[in-house]
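**Student:** Chains as they are written, first to last, in this note's numbering: chain A, 1 to 394; chain B, 1 to 430.
Simulated from the structure, these hints should not be mistaken for lab results. Note that CB positions come from ideal geometry on N, CA and C, so glycine has one too. Incorrect hints may appear among the rest.
[Unchecked claim] Footprint (simulated), chain A over chain B, 3 or more residues, beta carbon under 8 Å: (1) 349-355; (2) 383-391; (3) 405-414.
[Stated by the list, open to error] Computed cross-link-like contacts, DSSO-like style, restricted to lysine-lysine with a CA-CA straight-line distance of at most 27 Å: (4) A:K48 / A:K180; (5) B:K284 / A:K48; (6) A:K211 / B:K284; (7) A:K67 / A:K349; (8) B:K329 / A:K65; (9) B:K69 / A:K48; (10) B:K209 / B:K348; (11) A:K48 / A:K241; (12) B:K69 / A:K67; (13) B:K371 / A:K180; (14) B:K26 / A:K172; (15) A:K241 / B:K209; (16) B:K26 / B:K284; (17) B:K329 / A:K48.
Here is how the chains run, residue by residue.
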Amino acid sequence: MDRRDFLKLAGAASAAGLAPEALWAAGQQQQHNGQRTRQRKLVLVRLKGGNDGLNTLIPQFDYEKYKSLRPTISMPHHKKKIDQRVLGDSGMSMNPYMDKLRPWWKANDMAWIQGVGYPRPILSHFESGDVWDTATNAGQSNKGWLAHILPGYQKNLHGIVLGDELGPMAGKDCYAIAMKSPEVFVSQAGLFEGAQVNTKVNNPALAHLTKIQSQVMGASDELITKMRNPRQVGQGFANSKLGRQLESVAKMIINGVSAPVYMVELDGFDTHANQVNLQNHNLSYLADALDSFATAMKRHGHWDDVLVMTYSEFGRRVAENRGGGTDHGAASVQLVMGGKVKGGVYGNKPDLHRLDEQGNLRMTTDFRKVYSTITQRWLRQRNPWAQYGTLPFV
Amino acid sequence: MNELTFGEARHLTVRTGLGAEWGSIKKLEGLPREKAIEYILNPAPSNPRPAPYLTPWNKLEPMRDAGAKTRADAWVMAQTEGQRLQGWWIEQLFRTNTPLVERMTLFWHNYFTSSLQKTLQPSLLHQQNLMLRKHALGNFRHLLRSVARDPAMLVYLDGYKNVKAEPNENFARELLELFTLGHGNYTQNDVEAAAKAFTGWGVHPRSGKFHISGEHHDGSRKLFLRRAGNFTGDDIIKILLQNPRTAERVTEKFWKAFISDINPPRQTVVQWANHFRSSNYDIKTLMRVMLNSDEFWSERFRGTLVKSPVDLLIGTIRTIPYPRENTTKMVNLCRLLGQKLFDPPNVKGWEGGDHWISTQTLLVRASYLAKISRGNLNARVKTGPHIKAKNNEEMLEWLLAVPPLNKLPETPGKRRLAHALLKDPAFQVT
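Excised from the complex, chain B in its bound form (with noise of 0.2 Å):
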């Protein structure tokens, strides 16, 4: 009964982890599609990697303040430790046993963006990241509230400067713009409601933790949303989570992060975010209905993602066990391409998709697959890693999503035919 080939398991694997990793596969070929997808949605729970030592917000902060020369000193730190920061996270890629975890705090990093140059905060960073892996998988509802309280939030988003005296309306419109409701539902108006019930939360001068300051809250009346009361923030965000466009969105947002650059059927949207909505917005939920979908396992949307950089540099090597660069050289390969963590280019992130692709990446990447799985070819000299797919035909099915576009090498052996597939366009889909 709809026992999973090695190409679904494949998919499944490639789709909701990081590469092709064999185990997994194997792991997932042969179970029943439902029983396959609950074994992904349930991963034993594992911890993160330790952080390396950030210097914490209290004794980076005063530093601004006390002159040009701590200022540039504060500034050198944040870098050299950003750097550290994304080295930490690029590990925890490479090395994790729940990737599923770790593309999901990628996705939420992409959603409720947050970035080391305008923050220069790299340890409130690093809380925020525990933060979007504590609910990766949890329930959006808490998410949301835990995002509005979020030191590293309130830093980039201006809300520690948001007061009674002198509203800043950046949180609130990027909360009704890009995390709940989308451009077009709401007006200036409710901006500045917004703006106004979320006045006073900010981030203590000495913890560095959320703190809400009763003096600079503006307890007025608010007109939001076509209703009146005396709202907190907490309020604005029950009120938003009443409207269908904050499913709708989170729902689209899934789509284009698993199955297709190819725009979503309105239809597929409006019935996943109603199962989502229903469920009181159990991220698991959602998942569990778009794996189950048939958009998902639908021929049509296979190969129509372009690989993340992340995807590619790291899921390559999770595939097949080539030597790897080392983390610096890593943090500069995701830089080189355009995903430098922890430093989206702006508050809507990564666009992905064809943007990945330019000329300029599009060279970085083949270099990098070039070299990586260069090394000797030649079939009866023992080296390299051990592939372990057994004739061609499954090496295809293991490696691409859709049949490579470049000639097959005429000359036989697996290392040889891997090089190959790696350098062909269609590698660079998922």
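Bound conformation, chain A alone (with noise of 0.2 Å):
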């Protein structure tokens, strides 16, 4: 990490017109309401393939219904008495493999958001995709949501993605980063050791492609200042592929980068067979990562910084195939935690009996109001989807 002569990078780096290091510490702290807060972070999960909701919050309180349509895929029956699953009075239960998140509800640090999609689905994962990262019909643009939000949060590094797509931060205005991992980053961004960045370029193909160097090596930089001697998270975590993405997310938090928004991505949940198996453990993966995340956060006081999100291109067809699977449906469940959370169950319950023409669930909520409450009563940005209104969630 350290092999790079940082001095002369840095000197470059703000020759380009990137702030220097000490205004990257000031960004940390947002000036609000004549308070100095700390800076909100989201934290995206993408849920790759098609989550099934109906699976995920089970509707308890249609049960033979769900059980009819789903005769050989379905989850346990709970009563509400025996059984602490069920969620408050809200007629839903979670996955029995998501328990470790069980805490995290009691404290009322958790919501869920049901009934989410958006009208007239579309069933390509693709599409669909697009859908959810552009907040606008497919192929109708290339730029991500977040890309309309976040240049106006803060200058500077706006989100660090550990996969290979920038899905809601794509786009000329967002400076995000995607990666493997900070660390494979930073000796990728070893290529431009060197470079001289010019100041001066009136050519503007080659503006932009200077400009972008300097981004990577400028989050090049801060990743190996602020992760040289890093504080550790100093607990156990999850030890699967999310959790060890969520852990460099947990450390990044932890050690200060600046950027706001982090994405990482669980990939499976495209159950057309053998759905019961596939998905519990992968929902177990889910909930064992972030139980391990929320407990790091809470642990080094940042807790009431962050907000944790769920989301995924479709849910999944009602009735169940002849695989023991489900195809390709519409409306679906989100989660959300985070200390600032008000915790419970959001949006109206799934109507089993008034399914759409492909039979699939009608969506109650549109995805862009979640986004909109996002933006508004969390990042506290202009709405460009104030239309839609908002969620008390937090």
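Since each chain comes alone in its own frame, lean on the hints to assemble the complex.
**Tutor:** Following this line, the structure appears as structure tokens:
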């Protein structure tokens, strides 16, 4: 990590118009209501493949109908009095493989939003993923939804993706980095070692290239400085790919990396066959990793600064298929967690009796209402989705 | 009289081909400009490589209606064969003797997009590629008529669902918005009228070939762009080609592909478009006008085009014969750099220019270039590709369109210098 001549690069970076280190440190603190508050962070967990909402939050209130549509892949029936898995008076229960999260539910630090989707659902992974990433109809825009918000939130580094797609942070105005891990990124950025960044480039194509190159070098410098002698997380972490990714995120947050948004990914939710095993395992990876992450944030005093949110390109067909799985569907559920979250189950219960023509759940909460909530109530930015209203989960 | 210098020969080679091929530059150097341009415009004919096996339409399509299991199989087949098809084009781009034809085919692929992910029909995409190739330097009128009849396009823009009882406007809208007039030059009523004129144009369920169904065609009177008549699809195309905006739109795209990411002067567009239209849409004429223009040769526009992933990945190897990655890796690199062949992100195609470069793609580009050019850089060790440029000055002129931004290495050696130049931001532009 330490192998580069840091001072030389820092000089180059500030020459290119990037803020020097001192400004980054200042970016950590934001002026708000006359009080200095800590920067709010958003941690996105992308559940890739289309997570089945009905086996994540199980409609205990309409169990017979649920069981009739899913004779072989249904989750068990719980009666409220005898089983605490039923969430409050919501009539829904949480998948038993997510039990690790129950303390966070009890502490009111966790909320579910149900029936989330958009009108005229698209059932292609790629196109529906596009819809979620850009908050527009598929193909209308290449600009991620966060790219509309973050340039106003802070200058400098906007986000870090542990994966290979910038997704919601794609776009020319967004300063985001996709990486395998901070360590790999820093070593790759070493390729630009010794690069001169001319202050005066008239050619717009070259100017863009040098700008992006400075961003890479700037982010790499920040990671090198902040993580040179890092404060350790100081606890065990869920041992899965997602666990390791969230451990990296925790380490960056604890050590004051300035990016307000982090994104990680858990793949394998495209459960066309053998759904019960696949999804349960995946949900247990998710719950274990989120539990570790939340514990780490709490331990280091950051729990009130972070909002974790899961999302997926779509939910799944209500009726099971012949392979013990489900095909691509529409509305699904989202999980949010954080010290400032107001616990509860938001949105309408799923209506298993009035499905759409393809046999999918009808959405009752537009996903842009969730974006609107995060923009307005969490990041406190000008809200392009104000027309959708907000939810009081934070 | 106006003979091309080494630098000018390089410029013509790079902008019309794939990479700064030494052989091509040397062939053009010293030729009068017009003669060099004619040489580029009239390549010896050559056939594309044979395609890999791709399951025909009439086998793949019925699988989608025969239940979930075969539908899933069809999906997997389309993905696997789709990758094979991408590999086919990548190899074609690597090995072609007619780089201008490849470049133009790619240009039309980006102009008339269709994608594997929407059609899930690799064999139709291959046929479309052959069609675009055939018209690449031919006539735009014939090209447009062929596109409207192309099975992949009929699936991609839902033309095959466009029937009298239930018109589908998707193709008609893009025909007006992207392929000809451009936004703001027509109304929703024009879109509806055009859609009606194309009703019944579809893909034959058994043969997978273009087919007009009289039964589904709406032969009624239509009002289109203030003209009335019992228009067919071909009539609509004819009317669109009478509108000057169509030639201007093609010209604007030519500018962005061959001259600069900086916007063209309006006067230039109008002038070139007029030549194009009065040649009855001869693509070579437009190309000739462009290549002979002051703008094409102007220093002002040198290095103002960001290299596309194909240009960078394949053009570099065609410039210096470094050991290359295998086909699968190249397909993957194209994807990582945002140019999945046969799979543009949406109907508008790849946006190109600055959009090619993000923090993520720049790192992949830099890693790729560093990796292929690394090797042993010691000048006294005989290894690696033979570099033909004779001195540092010629190396710079050969490998870069504009002067480098970084300092040159102090240790002498052509391989070391090439490695340094490939890592320079100036190498990313052309």
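**Student:** All hints are to be evaluated individually against the structure, with a verdict given for each.
**Tutor:** These are the hints, each one checked on the structure:
With 4 residues carrying a beta carbon less than 8 Å from a beta carbon of chain A, the region 349-355 of chain B meets the three-residue requirement, and the given coverage holds. Only residues whose beta carbon comes within less than 8 Å of a beta carbon in chain A count, and the region 383-391 of chain B has 0; fewer than three means the coverage is violated. For the region 405-414 of chain B, the assignment as covered by chain A holds, since 3 residues bring a beta-carbon within under 8 Å of that chain's beta-carbons and 3 suffice. Of the supplied pair hints, the one linking A:K48 and A:K180 holds, its CA atoms being roughly 17 Å apart against a limit of 27 Å.
Distance hint between B:K284 and A:K48 is unfulfilled; the C-alpha atoms sit about 47 Å from each other, more than 27 Å. Proposed proximity of A:K211 and B:K284 is contradicted: the alpha carbons are some 37 Å apart, above 27 Å. With a C-alpha separation of about 16 Å, the suggested pairing of A:K67 with A:K349 holds against the 27 Å cut-off. At most 27 Å may separate the alpha-carbon atoms for a hinted pair to count; B:K329 and A:K65 exceed this at roughly 49 Å.
Between B:K69 and A:K48 the alpha-carbon distance is near 22 Å, which keeps this suggested pair within the 27 Å criterion. Restraint check for B:K209 and B:K348: satisfied, since their Cα atoms lie roughly 25 Å apart, inside the 27 Å limit. Annotation: proposed proximity of A:K48 to A:K241 holds, straight-line Cα distance about 14 Å (limit 27 Å). This hinted pair checks out: B:K69 and A:K67 have alpha carbons roughly 23 Å apart, not beyond 27 Å.
As the CA atoms of B:K371 and A:K180 are separated by approximately 18 Å, the hinted pair is consistent with the 27 Å bound. For the proposed pair B:K26 and A:K172, the alpha carbon gap of about 39 Å is over 27 Å, so the pair is violated. A threshold of 27 Å between alpha carbons decides the hint, and for A:K241 with B:K209 the separation of about 48 Å lies outside it, so the pair is violated. Restraint check for B:K26 and B:K284: the C-alpha separation of about 24 Å stays at or below 27 Å, so the hint holds.
Taken as a hint, the B:K329 and A:K48 pair is honoured in the structure, with Cα atoms around 23 Å apart against an allowance of 27 Å.
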